[in-house]
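S.K.: Residue numbers (the working numbering), protein chains in the order written: chain A, 1 to 203; chain B, 1001 to 1250.
A few of these clues could be false.
Straight-line C-alpha distance at most 20 Å; calculated DMTMM-like pairs for lysine to aspartate or glutamate [as the list claims (entries may be wrong)]:
1) 1062(B) - 34(A)
2) 1144(B) - 34(A)
3) 141(A) - 1060(B)
4) 1144(B) - 30(A)
5) 1144(B) - 111(A)
6) 141(A) - 30(A)
7) 1144(B) - 1060(B)
8) 56(A) - 44(A)
9) 1228(B) - 1214(B)
10) 1144(B) - 139(A)
11) 1062(B) - 139(A)
12) 1228(B) - 156(A)
13) 141(A) - 1141(B)
14) 56(A) - 46(A)
15) 141(A) - 34(A)
16) 56(A) - 111(A)
A short list of chain B residues far from chain A (calculated; beta carbon distances all over 10 Å) [said to hold, decoys possible]:
17) 1070
18) 1210
19) 1215
These are calculated hints, taken from the structure and not from any lab test.
For every residue, glycine included, the Cβ atom is placed at its ideal position computed from N, Cα and C.
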Amino acid sequence: MQLRIYKSTLIVYGAILLVSLALFYLLPKDALADVVFDPEKMAESEIYLEAALKGKLDQLEGVEIHRRWSFDFYGDRLEAVSDDDETFLQVYVIRTPAGTGEISAVEYRRDTFVTHRLNPYRVTLSGNRLHIQSPGHYEFKFKGFNRDFTVGQFSEKEAEEIQYHLWLYHDIQFAQELCLYIPADVNIEHDPAGISLVVIDEE
Amino acid sequence: MMSLTETSLWDAVKKQYVFKLQSYANFFVSLVIVQLVALLFSAGGMAGTSGIGWNNILVEVKLYSGTGIFIFTVLCTLANSVILTLPFYRNIDFSFVGSRLSGNMANIGFLVTAGLFGGITATLGSILLRNIHYYTGGGGEILKSFFMITPGELVTGMAVAVLYLILFSTAGYFAGVVVQLHRSLLVLLPALIVGLIFYEAANEQIRIFSRLIEFFVFERSPFHFSLKIILIASLLWIGAILLSNRKEVR
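The shape of chain A in the complex, shown without the other chains (with noise of 0.2 Å):
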């Protein structure tokens, strides 16, 4: 009587572990988050943030403008204000030549897998203060599988650790980033506790 039990224990065990391997390699693979990890495209964070502090995000192949706000601003002071008291924001000030009269902003995009779900910022000029509004905190939340010791046995690249944080940044890093155009002869206010002006020079 107890052999049947246990024969039929490990019967029934057997059977779910099959159908289980038939369901794995019948699900359909689109279905999954497709995010590619190629570490070699670490690097290219550096070319990134180098294009950044040079305010040349724009000539950068896969950096698109997603929208574009444009001001006439004659006065010598403006003052950016952000209109989201609970997202700190980093936005990058490129000074053109002094006189013209204008102000700009633009919202680049590079295309990631975060880059569908970003809702855009937004951009008003009231006066002499420059309205901003984030666009939100986006909280992202996946799981992922480790490769299996005994699958990874004779694997040269299981030596390296798989390094999930690392590769996500390479993806989230310059998906959405604000560049305001502000002649060289307007001094910039902000409070630096709700937003951050990354100021490059004209050359």
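Chain A is already provided as a structure; the job is to place chain B on it using the hints.
M.R.: Just chain B, lined up with the frame of chain A:
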């Protein structure tokens, strides 16, 4: 008139092996239970979490792995192989026409079968883990990389798991036989192993266990890996047989 029936070694081993498969079926069931427990823990996420942020974007990845199921299987197999050397299980062999040699060989056959069972089910358990997450958590949340396992990788994983389990079960069986030689070894042997681990942790230049682990884990050639395991397992089996033959008859 007397009749003598000579039983060949192979016949004796076969009979004892079949008997053990049926009588010790609870070993396989305990393996199933342990794997299900491991599956439960693994489904909760035993591999940690990694996260990264950029400006207003935060990405968090909860990590999962089927390695936990394999580790639990190793522990269960190790325990079962030691239990097999206990007097209760050893004395069952005297019910058969045979010798200590046939009894040991039948045990080895049983452990290899258990290793096969454990290795295959542990690897398939990893597939089951992936299915659980896919069908309950939403496929859109699961990162594609390393989720899919090709059939070739699956078969490789199974073979590697089986070989590791054979190695661990042989080591456990050998340790069990050694401990049966003298009661004091029951305490001395574990104390020696634990002491060595602590000593190695405190002295960086001593790397006995680390080198032992690297000897197998860092082997990238399937042929060399298999050869290492088969050779060492064979030596341990021969050692176990020779040591148990030294014991007096019941």
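S.K.: Against this structure, judge whether each hint is valid.
M.R.: Results for each hint:
Restraint check: the Cα-Cα separation between residue 1062(B) and residue 34(A) comes to about 16 Å, which is no more than 20 Å; the hinted pair holds. A C-alpha spacing of about 6 Å is found between residue 1144(B) and residue 34(A), which places the hinted pair at or below 20 Å, so the restraint holds. A hinted pair counts as satisfied when its Cα atoms are at most 20 Å apart, and residue 141(A) with residue 1060(B) qualifies at roughly 5 Å. For the hint pairing residue 1144(B) with residue 30(A), the CA-to-CA distance comes to about 9 Å; that is within 20 Å, so the pair holds.
At most 20 Å may separate the alpha-carbon atoms for a hinted pair to count; residue 1144(B) and residue 111(A) meet this at roughly 18 Å. With a CA separation close to 18 Å, the supplied pair residue 141(A) and residue 30(A) stays within the 20 Å bound. Between residue 1144(B) and residue 1060(B) the CA atoms are separated by roughly 15 Å; this keeps the pair inside 20 Å, and the hint holds. Distance hint between residue 56(A) and residue 44(A) is fulfilled; the C-alpha atoms sit about 15 Å from each other, no more than 20 Å.
Distance restraint check for residue 1228(B) and residue 1214(B): the Cα-Cα separation of roughly 12 Å lies within the 20 Å cut-off, and the hinted pair is therefore satisfied. Our distance criterion of 20 Å between C-alpha atoms is met by residue 1144(B) and residue 139(A), whose separation comes to about 19 Å. Pair hint residue 1062(B) plus residue 139(A) holds up; C-alpha atoms about 13 Å apart against a cutoff of 20 Å. Proximity of residue 1228(B) to residue 156(A) is assessed by CA-CA distance (about 19 Å); at most 20 Å being required, the pair is judged to hold.
Of the pairs offered as hints, the one joining residue 141(A) and residue 1141(B) holds, with about 7 Å between alpha carbons and a cut-off of 20 Å not exceeded. Among the hinted pairs, residue 56(A) with residue 46(A) is consistent with the structure: their alpha-carbon atoms are about 13 Å apart, no more than 20 Å. Among the hinted pairs, residue 141(A) with residue 34(A) is consistent with the structure: their alpha-carbon atoms are about 14 Å apart, no more than 20 Å. Our distance criterion of 20 Å between C-alpha atoms is met by residue 56(A) and residue 111(A), whose separation comes to about 17 Å.
Consistency note on residue 1070(B): stated as away from chain A, yet its beta-carbon is not over 10 Å from all of that chain's, at 6 Å minimum. Non-interface call for residue 1210(B) relative to chain A: holds, since the shortest CB-CB distance, roughly 16 Å, exceeds 10 Å. Every CB of chain A is more than 10 Å from the CB of residue 1215(B) (nearest about 13 Å), matching its label as outside the interface.
Violated hint for the displayed structure: number 17, the only one.
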